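Q: Here are the chains, one letter per residue:
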Amino acid sequence: MKHLLSIEDVSREDIERICARAAAFSENHQREIKKVPALRGRTVLNLFYEASTRTRSSFELAAKRLSADVVNFSAAGSSTEKGESLKDTVQTLSAHRPDAIVVRCPWAGAPALVAEWTDAAIINAGDGKHEHPTQALLDIFTLTRRLGSLDGVKIWIVGDVLHSRVARSNILGFQKMGAQVTVAGPPTLLPREIEAMGVEVRYSLDEIREADVVYALRMQNERMQQAYLPSMREYASLFQINERRLGARSLLMHPGPVNRGVELSDEVVDCAQSLILEQVAAGVVVRMAVLFELLAASRAFDPVPEHQSA
Amino acid sequence: MTRRQEQLLVRGTAAEADLMISGAHLIDPRAGIDGIFDIKIDDGQLSQIGESGTLSVGADAEQLDASGLHLFPAFVDPHIHLRTPGHEHKEDIETGTRSAAAGGFCAVLAMPNTDPVLDSAPVLRALREAARRDARVPVGFLAAITIGLGGAELTAMSELRAAGAAGFTDDGMPVESAGMLRKALQYQQMAGGVLALHEEDRSLSAGGSMHEGAVSALLGIGGIPSTSESIMVARDAALAGYEGGAVHMQHLSCAESVEVIREAKRLGYNVTTEVSPHHLCFTEEAVSTLDTRMKMNPPLRTEADRQALITGLLDGTIDCIATDHAPHSAHEKEVPFEQAPMGTTGLESSFAACYTELVRSGPMSIEMLIEKMTCGGAIFGLEIPQMTIGESANLVLVDLEQKWRVGADGYESRSDNCAFDGRELFGRVLLTVADGAVAYRQRSFALSAAPDPETAAQ
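The listed protein sequences correspond, in order, to chains A and B.
Just so it is clear: in the first sequence, position 214 is 214 by my numbering, and no numbers are missing.
Converting from the second sequence to my numbering requires adding 310 to each position, the first position being numbered 1.
Note that these hints are calculated values from the structure, not bench results.
These numbers come from a predicted model, not from an experiment.
Glycine included, each C-beta is placed from N, C-alpha and C at the ideal position.
Check each hint, because a few of them may be wrong.
Quick list of simulated restraints, FRET-style, between CB atoms [unchecked claim]:
1) Ser85/A x Gly396/B: 16 to 22 Å
2) Ser57/A x Gly458/B: 57 to 63 Å
3) Gly720/B x Asp119/A: 24 to 30 Å
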């Protein structure tokens, strides 16, 4: 793999390889010294056009645990505010010869454009409402560690699918791993023709107890102002995952940050079926595996490393 | 040009041609011409059409051997953007009309969504003056329906008509209020001028960048539903019917709109429509790579919509083909899809695209394609180009067998945001005669057709 732009372009074998490597890094994480020298001398640039603490720090930690140098470039306070185009920003930053650029931005497809403008490996850390492939990989990693395999597993993704890049990447990723995906939520928040992605569509949680895994999406307050929902109270009464709705053998996931009392009730967040903290922990090792895949694995057999220092 | 044409169209300064084209297959469905003839142009006027070898050549006339080629009446495009004034970095009168000439057009109508907006007679006069200097093919201008395209106040339609406005449109924007459009239709009874309408309910298209459907669901890009167009088409057809006014629906994109228009025409309403080459040739699938050249308004829709547009064109529900030539500069289009401006250029690829898709591998006759590419200006009062002895020559010479790659030799337009860029199409325009003047020669044809210096010396 040269880039990680979307789950759509990634094969099941790629996902399995990344998960296996993440598992190896995870063992390493049990040790006192967690750092490995795999990417020593390499530079990872975080290019973030949207506020993000979790994803960015998770990438930063992943790069540092692999001994790479990390530079964070956030759009606030930068030349983008002075009107610099994405292309010019990317070409300027590329002049510093980063080995990988992690891109988070509010525009679908922008990471693929960035990949055309630089030689660095590009990792999509969320592009608009399109995809968030490392989230899908860490969710698959977390689930396969618990269930062994996702073949035939029934997964319900609940909530604001329309605005969710996590939902799109996870639908594609879970399906690639053999799971059956159902999406549920109010019709205003489910994209028209989402069935074309091969998912079942439900407007209620009446049958949610059939789910092996319930994946709740974050509900944002602004959706009410835009009239997607009459009220948060109504949303919670119809779609909140609580003890009554969560099946006894169902696992619970959420990409964070959780709105307690909205999409999840207090008690389910902390219950034994919840994988939420495991997802967070998986974030670092999976992102390490992705960085390793793009920067080290493909060059492992190169007799002459490409980036010999001059 | 006749006096009436001069009221609507402005001609540049190009010299009248003296030309003899021999051996081409002439097709002019309106004039009932279909066969291999020689054709002679004297002082810009079509002077003779005769069996091959029967016409005498004047000493000054340039001779072109056009055996194996086809000669048609030149095309007319009732919907292009010249971006002047205000956005000359995208296009200006000279580059835009040069692009039109390269596409085989002998007349074009430019839209008023410029900066400033063409919403007053002084702006129109200034543009017509500039066109007299810069236009490579005759050009006409539509003026805005509402001041600044703001949808709130009517422009001085009578004064604008007197100054030469070919019609009125807020193109790029819908006339949002039905009450405002009704007033424009009432005023039209006195001022004249067809109202060309960009149909879009912006409360439905809000925030959308592509057709709402399976592809937008997968890409997570805000969708523009077909209904955002069709319900406005229905509303405005009903208004035109009620007021007895004349409206022209621009760039239809979906099956529902075609159905509404079919019914409106059945009821006898004075409604005309156009469709763009890109909507006839592409679907939402073309957007899946997020190529910003494929971003336009209205968006590319489904295969069922595309088929409905072709059917509508064949059965007369859709009157004509119009490119909606919408240039944008490279730096404006070289951005993430959702940030990119809407629009594709189209003048230089229109004939080849429609010929390849609709005639060569489709259900349309070449005669019908010529008709659909020449009749659009008539909606706004322009004469339909025809091979008539004694009148100004408006001709396009094409090589139907020549396969060429769009954009491979660059573009005459200042911008290269062409949806057909890189595609191999049949049907190359080699020469355009517009209002009696040679407006375009394709470079390789110009070279091969130039007289041999030795023969010329004899």
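Q: Please test the hint of 24 to 30 Å on the beta carbon pair from Gly720/B and Asp119/A.
A: At roughly 28 Å between Cβ atoms, Asp119/A and Gly720/B fall inside 24 to 30 Å, so the hint holds.
Q: Do the Cβ positions of Ser85/A and Gly396/B conform to the proposed distance bound of 16 to 22 Å?
A: holds (21 Å)
Q: So does Ser57/A sit 57 to 63 Å from Gly458/B, Cβ to Cβ?
A: violated (48 Å)
Consistency note: the structure conflicts with earlier hint 2 alone.
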